[in-house]
Each structure stands twice: as structure tokens, then as C-alpha cells.
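> So the chains spell out like this:
There are 2 protein chains.
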Amino acid sequence: MSESSITSVGIDFGGTSVKLGVCRGGELLTTDAPIPTAHFAGPAALIGEMAARIAKLRETYPDIAAIGVGVPGLVDFDHGFVHILTNVPGWKHVPLKAILGEKTGLPVVVENDANAMAYAEFRYGAARGLNNVVALTMGTGIGGGLILNGQLYRGSGCAAGEIGQMSIHFDGKPGHYGNLGALEKYTGNKEIAEHAVQRYAEAHVQKTLEECTPKMIADAAKAGDDIARQIWDEIADWLGTSLSSIAWLLNPDAFVIGGGVAQAGDLIFDPLKRKVQSMLSTVVWERLQILPARYSNEAGIIGNASLAADSIV
Amino acid sequence: MSESSITSVGIDFGGTSVKLGVCRGGELLTTDAPIPTAHFAGPAALIGEMAARIAKLRETYPDIAAIGVGVPGLVDFDHGFVHILTNVPGWKHVPLKAILGEKTGLPVVVENDANAMAYAEFRYGAARGLNNVVALTMGTGIGGGLILNGQLYRGSGCAAGEIGQMSIHFDGKPGHYGNLGALEKYTGNKEIAEHAVQRYAEAHVQKTLEECTPKMIADAAKAGDDIARQIWDEIADWLGTSLSSIAWLLNPDAFVIGGGVAQAGDLIFDPLKRKVQSMLSTVVWERLQILPARYSNEAGIIGNASLAADSIV
Numbered sequence: 001m002s003e004s005s006i007t008s009v010g011i012d013f014g015g016t017s018v019k020l021g022v023c024r025g026g027e028l029l030t031t032d033a034p035i036p037t038a039h040f041a042g043p044a045a046l047i048g049e050m051a052a053r054i055a056k057l058r059e060t061y062p063d064i065a066a067i068g069v070g071v072p073g074l075v076d077f078d079h080g081f082v083h084i085l086t087n088v089p090g091w092k093h094v095p096l097k098a099i100l101g102e103k104t105g106l107p108v109v110v111e112n113d114a115n116a117m118a119y120a121e122f123r124y125g126a127a128r129g130l131n132n133v134v135a136l137t138m139g140t141g142i143g144g145g146l147i148l149n150g151q152l153y154r155g156s157g158c159a160a161g162e163i164g165q166m167s168i169h170f171d172g173k174p175g176h177y178g179n180l181g182a183l184e185k186y187t188g189n190k191e192i193a194e195h196a197v198q199r200y201a202e203a204h205v206q207k208t209l210e211e212c213t214p215k216m217i218a219d220a221a222k223a224g225d226d227i228a229r230q231i232w233d234e235i236a237d238w239l240g241t242s243l244s245s246i247a248w249l250l251n252p253d254a255f256v257i258g259g260g261v262a263q264a265g266d267l268i269f270d271p272l273k274r275k276v277q278s279m280l281s282t283v284v285w286e287r288l289q290i291l292p293a294r295y296s297n298e299a300g301i302i303g304n305a306s307l308a309a310d311s312i313v
Numbered sequence: 001m002s003e004s005s006i007t008s009v010g011i012d013f014g015g016t017s018v019k020l021g022v023c024r025g026g027e028l029l030t031t032d033a034p035i036p037t038a039h040f041a042g043p044a045a046l047i048g049e050m051a052a053r054i055a056k057l058r059e060t061y062p063d064i065a066a067i068g069v070g071v072p073g074l075v076d077f078d079h080g081f082v083h084i085l086t087n088v089p090g091w092k093h094v095p096l097k098a099i100l101g102e103k104t105g106l107p108v109v110v111e112n113d114a115n116a117m118a119y120a121e122f123r124y125g126a127a128r129g130l131n132n133v134v135a136l137t138m139g140t141g142i143g144g145g146l147i148l149n150g151q152l153y154r155g156s157g158c159a160a161g162e163i164g165q166m167s168i169h170f171d172g173k174p175g176h177y178g179n180l181g182a183l184e185k186y187t188g189n190k191e192i193a194e195h196a197v198q199r200y201a202e203a204h205v206q207k208t209l210e211e212c213t214p215k216m217i218a219d220a221a222k223a224g225d226d227i228a229r230q231i232w233d234e235i236a237d238w239l240g241t242s243l244s245s246i247a248w249l250l251n252p253d254a255f256v257i258g259g260g261v262a263q264a265g266d267l268i269f270d271p272l273k274r275k276v277q278s279m280l281s282t283v284v285w286e287r288l289q290i291l292p293a294r295y296s297n298e299a300g301i302i303g304n305a306s307l308a309a310d311s312i313v
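Which chain is which? The protein sequence lines are E and L, in order.
With UniProt numbering, letter number 220 in the first sequence gets 220, and the count goes up by one each step, no holes.
With UniProt numbering, letter number 104 in the second sequence gets 104, and the count goes up by one each step, no holes.
Derived from the structure by calculation, the hints contain no laboratory data.
The list makes no distinction among identical chains, and a pair is therefore deemed to hold if it is satisfied within one copy or across any two copies.
In silico SDA-like cross-links for lysine to any residue, where the CA-CA straight-line distance does not exceed 25 Å:
1) K173 / S281
2) K190 / D171
3) K273 / S156
4) K92 / W285
5) K173 / A262
6) K173 / D237
7) K273 / H176
8) K173 / V283
9) K207 / G224
10) K222 / V197
11) K273 / G157
12) K273 / R287
13) K92 / S156
14) K173 / P271
15) K103 / H79
16) K273 / G178
17) K173 / Q230
18) K222 / P271
19) K207 / G265
20) K273 / N149
21) K190 / P72
22) K92 / A44
23) K273 / L74
24) K215 / G265
25) K173 / T282
26) K273 / G172
Start from the sequences, fold in the hints, and give me the full structure.
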């Protein structure tokens, strides 16, 4: 796919704020000041503010031709309908596409945020030009998005890509849904911190949870701390188990990994690649890349804007 | 997709014999006597025999318009090229599509056998009318095929669907590739037998491996043997862990399960459904069906014939 020449708005709807930007061909032309969700009583007022912001942006960018919104929750993509956003009060059964489309007169697409991130990496980021891509965002939880045969794969209920809920141990730690061995109960930021505190305690080193963020463990490892290095190897073992299972199932071209854990760089990517290779056949491994994400905070805006632009061609 | 009106030949290339049949619209019109692979010295002679058999079938079915061949190994689908069949001597780097196409003058498709089985179930079997389907064949190993967005998904190197190699335990039993926790090392027929012998031994009952086939364990459970029931529950736990991980990743409409284990019927399907439900969110579970395969031995012929017929419309 070549670069889009369409100008579009990307909206990254987070738990506390809504960020807007204008993109063309994967380039972020401008970003608007974030809208704090708490300032607006319910969906109607907040969508009204989005429309007002878009109207203003169109004064500078009159060629804006489409709007893409990514939300932190379950959507019905075909109808642009938001089922529920658990972290945003009042957002339940909202026909976002219909309302925003009516207020702006522009075509609107509504997508899950992890899917939008995957699309940004596929279309203009680390996985550009590849056909089958699995993207992960690692933070408190682990989200994922799939590009299969060059298209976003959403699954039967727009709920695909929940990599953090996949099991790495049939009798392991229960996840949010009681699902034993859920990956994010091993490699979510909180669980990494808990594990690190325990590993240090075993070596008679006292650390608090606050001292064991991915960044701090990475800094410690870089400074020569053997325990910190060992923790990264363990994270690589757990995460690599999931990635190799996904690779056996989907035989993809690439994994793209973003979020705090990915920022540890070689500390995580080196043992992770070794682990995944050790779990695969040559045929599956030899076409597989394991890549850090190109985008971070701007992934949502670029992904949603690109989805919107590509939806009208 | 409606029933195909095209008549086509399906060829199911197994480790010891090659089976041929003529199909139309998912219906098996006739089958030919199997060709024993050992009677033919190498690919050229065997492909010659296939072509001769097809010529004969065309005397009765002059409207045969395409040929589909499924092989037990890795293929390049786009080129109809067989990389290697580990169980059939001499089958390495064989341009099967080109040779068989030239000998018959008909369009030929070459597919992996597990993919062909998945296609048969999707097109005319248990998963007919569904869009996202994961099919498993359980025997010595566990093969799989994926239908995503209404199409066979092959992956970047035509190697997708290796469900038996996915891990259910990050520190579990090593699979064929050294991959820790490989599902088929828990639920392959041989491993089930070994596990059963051990479970019986713990209860001071002596059984041989030969007395612990899936069928025998199913018969024992039906006759009221508590140990046998417990074994089925354990198989359901292991298999269900894999299925739930796949469901989180792909949010499919259905799993279709064939092979010896599936023939245990409710003994496996009841605890399997309970296990998978216990591992999923309502959203993912509520659209998910777990179904026994419709086809058994004829799956290969019907799947390959259907792939060939659908490839020329």
C-alpha cells in the first residue's frame, strides 16, 4: 500500500483525555490540546466538543475528509457503535459513528485502540510493507492487534487480539476472567514489579514496587545488576512462550512490541529473540521479525487517522 | 458461499497411500482405489499414476474441471510446490502443480492436508456458513487449519495452524522442536496413552499402552470407570487451555475438532466446553461454538476437491 494522500482526523480516546490530531500519509500535521473527559457530562457533551474541535481544525485544514476514533473498549466496527468503555463513566451503547458523522458531515470509523495502534505500525511504522503482523502494547495490561493478509483482523465480535489473556501455564496464575496462566499476570507492569521485589528479596535486597518499574529494572540491568538482568530473562521466557505459540498458529512476518517493557531495548529483545527461536521450527522462525514499535503516544492518532483515510478510498 | 456446481477431483496424499475422489458441491460422487505410495519409485512415477487415474475418472465424469491435492507436509500454495514430505521418500522440492497440470491439462491446487480438512468443514461440514473457524485434527500429532474472514489463512510461509506445537506450559514437556509445553505432548494419542497407563498405575490397575487408545478410554468411561472419566477431564483441561488462548487471540465463531479424541463425544466435549467457558469473557464465549467435525476419512478428498473447484470461479 502506498502513502495515503487523504487528510484525516485521528482521535485517541483514552481513559482520562481525548487527543486529536490531523494526519496525511502517516504524517502528523498538527495535534490539538487534549480534551479532559471528566469535564463533560456524558457522551453527548463530549461528542459535541469533539465536533467543535474538528470544525476548528477544518478552518486550517479544509481538505479533512474523514475521522477515525479509537476507544479503550469493545466496539462494533461495522456500525461504529461503542458497546462499553469501562473506564469512562456513561459510555455504554453509544452510536458514536452516527452522532459524530451527523455533527460533522464526514465519514467516521470507530475502532478499538489496540487495533488502531497495530494499524499505525503496519501502515507507516515498524511493520510497513509486511502482510501478517501481530502488534502488542505492554503496560498495566497487554493489548494486541492483528493484521492478517494485509488487513486488520477483528474477529467475529470485534474482540480479537487479547494477547494478555492468553495462557502460558494451564495451572498458572488466574487472569481477570479467571483464565489460568494469563500472560498479563506475568508480564503486566504491576506483576513485573511484584516479581522483581520478590527476586530482590531472595537476594536480601529490599526494594519497593515503586522502585521496580520496567524503566528502573532496565536502568539497573544496564548498570550491571545481575538480578535485574535475570528478571529481563524471565520476562523474555514468559513473553516468548506466548509469541512462539502465536507464531505456530499464525506464521506471521513480524511481532511489533510497544509500551514500557519494549523500551528496555536489547535487554528484552535479545533474550526474547533467543527464546522464540528456541521454540520454533526453522520454517516459522526464518521469516519472523521481532521489532520495537516505531510509534508511542502518537500511535493512536496516526492509526485512527489512517484507518479513516483508507476507509474512503 | 453457495454450493459449487463444478465437478472436481480431490486427492488426499497420505504417508502410505494416495486416495482420489470426484466431488461436486461437497458431495462425494465416487472414490477410486487407493494408490500405495511404496509401489512407485519417486514423484515422477507417482504423479504419472495420479494423472492416469484422473484420465480414467474423466471417462465417467467428463465435466471434471479442476484438481486439488492435499499433502502431509509443507507446500508453497501460490506455486503449487511441495517443499518436503518427511514421511514419503523422495518428495522434496517437487513442482507438483506444474507437473500434474501439464499431464492433465487441468488447473491444479496444492494444499497442506490440515488446511484441506479445515476447508471441507468450513465449506460443507460442521462450520458451514461461519466466517472465522479453527479446525483441529487430533491423532498422533495435532494439526490445524484456519478460516479467517471467510478464507483459508495460510500464514507468511504456508505454515500456519500448527496448534499441536503451541505451548500450554512455559516450563512444560518439550515438543518436537524443543518447544516447551507443546500441546501435542499432552494430548497426542501416544501421550494420552502414557498418561492413562500412569493414572491407572497410581490406582494399582495395570494397563498397557495398547489398552489406552482414545477409544478404549472412552469405552471405559462409558462403562463407569472413574479413572477414565478423570483422564478425559484432564485432556479437556489441556486442550481447553489451548482453545481458550486461540479464542482470545482470534475471537472465532467455532472450533471444529476431528480425529480419535473427538470421537469420545460428550466425554470430551462436555468438560472441554466447561473449561473453555471458564477461561473466556462473556463476549468471546457467547459467539463461540465447539463442534465435532462432520467428516473423517473423506475430509481430505472433499476439502481438496472444494478448494480446486472454488479456485476456478
